[in-house]
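Generate the whole structure from the sequences, applying the supplied hints.
One-letter residues, chain by chain:
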Amino acid sequence: MDIEKRILNHDKRAAARLISMVENKDPEGLRILQNLYSHSGNAYVIGITGPPGAGKSTLTDKLTKLLRKQDKQVAVIAVDPTSPFTGGAILGDRVRMNDLSVDPGVFIRSMGARGHLGGISEGTAAAVKILDIYGADFIFVETVGVGQSEIDIVKNCDTTLMVMVPGLGDDIQAIKAGVMEIGDVFAVNKADRDGAKRTAREIDMMLDFNKELEWRPPVDLVVAYENKGVDVLLNSIMDHREYLLESGKFHEKRVANAKSEIVEMIKERIERSMLDNSRNEEKLDALSKQIVERTVDPFSVVEQLFEAYIASVEAK
Amino acid sequence: MERPIRVLVAKPGLDGHDRGAKVIARALRDAGMEVIYTGLRQTPEQIVSAAIQEDVDCVAMSILSGAHNTLLPKVAAMLKAEGAEDILVIGGGVIPQEDIPSLKEQGIKEIFTPGTPTQVTIDYIKSNVAN
Numbered sequence: 001m002d003i004e005k006r007i008l009n010h011d012k013r014a015a016a017r018l019i020s021m022v023e024n025k026d027p028e029g030l031r032i033l034q035n036l037y038s039h040s041g042n043a044y045v046i047g048i049t050g051p052p053g054a055g056k057s058t059l060t061d062k063l064t065k066l067l068r069k070q071d072k073q074v075a076v077i078a079v080d081p082t083s084p085f086t087g088g089a090i091l092g093d094r095v096r097m098n099d100l101s102v103d104p105g106v107f108i109r110s111m112g113a114r115g116h117l118g119g120i121s122e123g124t125a126a127a128v129k130i131l132d133i134y135g136a137d138f139i140f141v142e143t144v145g146v147g148q149s150e151i152d153i154v155k156n157c158d159t160t161l162m163v164m165v166p167g168l169g170d171d172i173q174a175i176k177a178g179v180m181e182i183g184d185v186f187a188v189n190k191a192d193r194d195g196a197k198r199t200a201r202e203i204d205m206m207l208d209f210n211k212e213l214e215w216r217p218p219v220d221l222v223v224a225y226e227n228k229g230v231d232v233l234l235n236s237i238m239d240h241r242e243y244l245l246e247s248g249k250f251h252e253k254r255v256a257n258a259k260s261e262i263v264e265m266i267k268e269r270i271e272r273s274m275l276d277n278s279r280n281e282e283k284l285d286a287l288s289k290q291i292v293e294r295t296v297d298p299f300s301v302v303e304q305l306f307e308a309y310i311a312s313v314e315a316k
Numbered sequence: 001m002e003r004p005i006r007v008l009v010a011k012p013g014l015d016g017h018d019r020g021a022k023v024i025a026r027a028l029r030d031a032g033m034e035v036i037y038t039g040l041r042q043t044p045e046q047i048v049s050a051a052i053q054e055d056v057d058c059v060a061m062s063i064l065s066g067a068h069n070t071l072l073p074k075v076a077a078m079l080k081a082e083g084a085e086d087i088l089v090i091g092g093g094v095i096p097q098e099d100i101p102s103l104k105e106q107g108i109k110e111i112f113t114p115g116t117p118t119q120v121t122i123d124y125i126k127s128n129v130a131n
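Protein chains in written order, with the UniProt record's numbering: chain P, 1 to 316; chain U, 1 to 131.
Quick caveat, the hints were computed from the structure, so don't treat them as lab data. The beta-carbon is built from N, C-alpha and C at its ideal position, and this holds for glycine as well.
Computed spacing ranges between beta-carbons, pair by pair:
1) P:R216 <-> U:A77: 52 to 60 Å
2) U:V120 <-> P:V232: 48 to 56 Å
3) U:V120 <-> P:N280: 33 to 41 Å
4) U:G83 <-> P:N227: 34 to 42 Å
When the alpha-carbon atoms are kept at most 20 Å apart in a straight line, the in silico SDA-like pairs for lysine to any residue are as follows:
5) U:K104 <-> U:T121
6) U:K22 <-> P:G92
7) P:K283 <-> P:Q304
8) P:K211 <-> P:R201
9) U:K80 <-> P:P104
10) U:K74 <-> P:N98
11) U:K22 <-> P:P81
12) P:K65 <-> U:E45
13) U:K104 <-> U:I122
14) P:K25 <-> P:L36
15) P:K12 <-> U:A84
16) P:K12 <-> U:E85
As structure tokens, this is what we get:
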């Protein structure tokens, strides 16, 4: 049976293979995903982000188990950093989710970020679609946890869960722009530790600064390791989902997500085509030396390369 | 872009010694591979299920408990039953020489015993995964 039919028949191996194909930019994989695209859109996508060691994987494990009790099909995409030097990666999120491995209603896929900034790997968005088509009701996307540049996750998810822990910094961290603004639901994990309530209070204060929020993100204290507070947290996620659906924001958000996806794909395509075009290592090295010697400036170099690229495109 | 080789590094059985597995995981990462590390005390069922979901090219198991004659062939057999016999299965750890021929007959393609330089394992994986 071909891979398209197998995925529609909920075949794990076929879904796993298609994710690899698309991740590796295999044109055949892309064609299959195009054909199947109309079958996607049914899964609810939850992004989980937060600093390394905050407990994202452990929390994902516990949330997944709760959803399994409700007989939901769950998929988890766990992204870990790729070495910028070797291209290798150690993907270790499964360690925290070992007993989910053999649950037939759970599909866990680890992915390397493969050099994509923002903590979301290029293949992640495609993997979300494939697991959606495969039949997941809920998909968790767990990010690298690099800290303050993970805004990308919002563009791939319906609800973004921000996992914080006590003791990471003072309250000025909480008012910095960026990550703190993307959470739809906040969890303060390791809440059995000193300072957890203070951390929660600081997040609350940051959130209450903006009085005009239509959706005020809840801040829940959890101890993922001991499975404490996870049921409340899942309810908060479901409340956000209900809010999105009832307010009509769900559709709006998905349209916005689709738009930013188009922009991302165009950017990537132009980047690849332009770099392929001007990727002459010797020339780039020579120009870089001149920049350091201050005989040229980087702005003019980029201008020249870009114009040469445009000219080559027009010549075609 | 060159496709990175994906390897599942697993510790089947009940011994708690994961230093070797971690050293291998790190060496494979430095060789440009994507290593899915699953941690200690994995059942064959967990290993096979993870290997399929992760669509790996290779399953590398480290075992020091003495249960290799039972656990390693079981993983190879279960992968075959799932139609995933194209995944390269290798093992490492404290495995007596006299056990190796029978393990190889049962689908464990290579066994790396203590003292094997990591480069030997890297080269073996690179030249023996499918494609």
